[in-house]
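These protein sequence lines are chains A and B, in that order. The numbering used here runs 510 ahead of the 1-based position in the first sequence. The numbering used here runs 328 ahead of the 1-based position in the second sequence.
These aren't lab readings, by the way, just hints derived from the structure by calculation. One should not assume that every hint holds.
Stated by the list, open to error - Derived DEER-like restraints, expressed as beta-carbon distance ranges: (1) B:S564 / A:V600: 47 to 53 Å; (2) B:V398 / A:G591: 25 to 31 Å; (3) A:V600 / B:G354: 23 to 29 Å; (4) B:S518 / A:A611: 51 to 57 Å.
Unchecked claim - Facing chain A, according to a computed beta carbon distance under 7 Å, are these residues of chain B, among others: (5) P339; (6) G343; (7) Y344; (8) A347; (9) P362; (10) R364; (11) L370; (12) A371; (13) T378; (14) V379; (15) A381; (16) V382; (17) S384; (18) V477; (19) P542.
Backbone N, C-alpha and C fix where the C-beta goes; we use that ideal spot for every residue, glycine too.
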Amino acid sequence: MIAFVGLVIGVVAGLVLQPTVPVSLQPYLPIAVVAALDALFGGLRAKLDGMFDDRVFLVSFLSNVVVAALIVFLGDQLGVGSQLSTAVVVVLGIRIFSNAAAIRRHIFKA
Amino acid sequence: MTLLAEVMNHPLDPGYAEAARARELGTRGRPTVPGRTVALLLAAALGLVTVVAVQSLRAPSPSIVEARNVLQQQITERQDRADALSRSIATTSAEVNALQSQALAEQSPSLLATVQDDTVASGAVAVSGPGITVTVADASDAVADDGAVDPDRRVQDSDLQNVVNALWAAGAEAVAINGQRLTSTTAIRSAGSAILVDFVGLASPYHVQAIGDPDTLRSTFAASNAADQLKVLGESYGLESSVATEKHLDLDGGGPSTLQYAKPLG
């Protein structure tokens with residue numbers, strides 16, 4: 511619950527303050543958003559499964575974003591940035607799909 | 329395929345299951361106040377980061393917009409400049425012609441007559457008279473609904489060249505395509521998908537206007553290879569073509585052609 515409240519506060523603050531992102535961080539944004547989506551879908555599914563946990567949700571969210579950014583950074587340094595980004599998007603994409611399917615089964619029972 | 333199987337079958341973070349088990353067993357302590365505060369702050373930070381990332385990804389980069397505007401401005405400016413220059417060419421050449429005629433009229437009327445005949449024949453000045461118009465157009469389905477262009481169903485530069493050649497052969501004295509007068513240095517060619525006449529891009533339908541005796545032009549053109557070719561093109565590719573007799577045609581002049589290297593003999 512507290513995680514959800516905190517998220518809402520953060521989203522509202524972002525919409526109101528409209529801070530600008532430094533150019534050096536721009537390449538990490540798409541992957542960070544995909545990682546955030548993965549964590550959100552995971553959290554939603556856990557909620558529907560009746561085993562949501564604030565701490566697990568926040569830690570998975572934070573580690574998802576950080577690891578995704580780290581992979582892109584490493585990839586850029588090694589010259590395989592776009593391939594690694596694709597790998598991250600594929601893996602997280604599959605997870606998002608599976609979790610979305612589980613959520614769908616919960617809601618529509620089908 | 330362990331990785332894919334893992335991702336497909338256990339998409340949910342195993343931490344959730346563990347936490348749930350710990351809660352059931354009661355081995356997990358009650359959340360403390362500092363713990364909750366940290367969680368709240370962390371969640372707020374994550375929400376902020378995510379929404380900021382989404383916003384900056386959605387907004388078009390200001391530098392791109394700026395570059396586009398600059399380019400757009402440059403295009404308009406140069407177009408205006410080109411228009412102004414071509415207007416000044418037209419007025420200056422009219423002035424030159426007037427001065428030339430004036431000077432020659434006093435000194436050598438016979439030379440003036442020769443010059444006038446030559447400028448008319450070379451297509452430099454505007455002329456009018458009876459003639460015919462041959463209209464050739466792309467097939468109506470040349471551009472599909474999805475924007476794909478079928479080049480076979482469009483008029484090609486060679487089609488127009490054939491029509492123009494047939495008109496000259498039929499005795500045309502002056503020819504223009506969509507208002508572009510054909511002079512002694514005019515080429516009809518294609519650049520990409522556009523047809524250029526005297527370096528001006530034209531679009532379908534193409535009106536080829538020819539001044540001459542309308543009856544001769546019409547009958548000779550109808551008997552020419554170009555007319556047969558247009559018929560075949562119409563049957564196989566759907567190109568549309570028609571011939572009309574005109575009592576009065578006004579053809580613009582092509583302007584004086586500037587020869588940089590060719591010098592008269594003697």
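Verification of the supplied hints:
1. In this structure the hint that S564 of chain B and V600 of chain A lie 47 to 53 Å apart at CB holds, the actual value being about 48 Å.
2. For the hinted restraint 25 to 31 Å between V398 of chain B and G591 of chain A, the CB-CB distance of approximately 30 Å keeps it satisfied.
3. For V600 of chain A and G354 of chain B, the hinted distance range of 23 to 29 Å is not satisfied, since their beta carbons lie about 40 Å from each other.
4. Separated by about 54 Å at the C-beta atoms, S518 of chain B and A611 of chain A satisfy the suggested range of 51 to 57 Å.
5. With its C-beta approaching chain A no nearer than about 4 Å, P339 of chain B sits inside the 7 Å limit, and its interface hint holds.
6. A distance limit of 7 Å between C-beta atoms decides the matter here; for G343 of chain B the minimum to chain A is near 4 Å, and the interface restraint holds.
7. The closest approach between the C-beta of Y344 of chain B and any C-beta of chain A is roughly 4 Å, which is under the 7 Å cut-off, so the hint is satisfied.
8. Among the interface hints, the one on A347 of chain B holds; its C-beta lies about 4 Å from the nearest C-beta in chain A, closer than the 7 Å criterion.
9. A least Cβ separation of about 13 Å between P362 of chain B and chain A goes past the 7 Å threshold, and the interface hint is therefore violated.
10. With a least beta-carbon distance of about 6 Å to chain A, the hint placing R364 of chain B at the interface is held under the 7 Å criterion.
11. Contact between L370 of chain B and chain A, as hinted, is supported at the beta carbon level, the nearest pair being about 5 Å apart and thus within 7 Å.
12. Contact between A371 of chain B and chain A, as hinted, is supported at the beta carbon level, the nearest pair being about 3 Å apart and thus within 7 Å.
13. Given the 7 Å rule on beta carbons, the hint for T378 of chain B holds: about 4 Å separates it from the nearest Cβ of chain A.
14. The interface hint given for V379 of chain B holds, since its Cβ lies 4 Å from the closest Cβ of chain A, which is under the 7 Å cut-off.
15. At its closest, the beta carbon of A381 of chain B sits 4 Å from a beta carbon of chain A; the interface hint therefore holds under the 7 Å criterion.
16. Look at V382 of chain B: its Cβ gets to within about 6 Å of chain A, closer than 7 Å, so that hint holds up.
17. For S384 of chain B, the interface hint holds, since its Cβ comes within 7 Å of a Cβ in chain A; the closest pair sits about 5 Å apart.
18. Taking 7 Å as the C-beta cut-off, the interface hint given for V477 of chain B is violated, the closest approach to chain A being about 32 Å.
19. A distance limit of 7 Å between C-beta atoms decides the matter here; for P542 of chain B the minimum to chain A is near 66 Å, and the interface restraint is violated.
In terms of the numbered hints stated before, the structure departs from hints 3, 9, 18 and 19, listed from lowest to highest.
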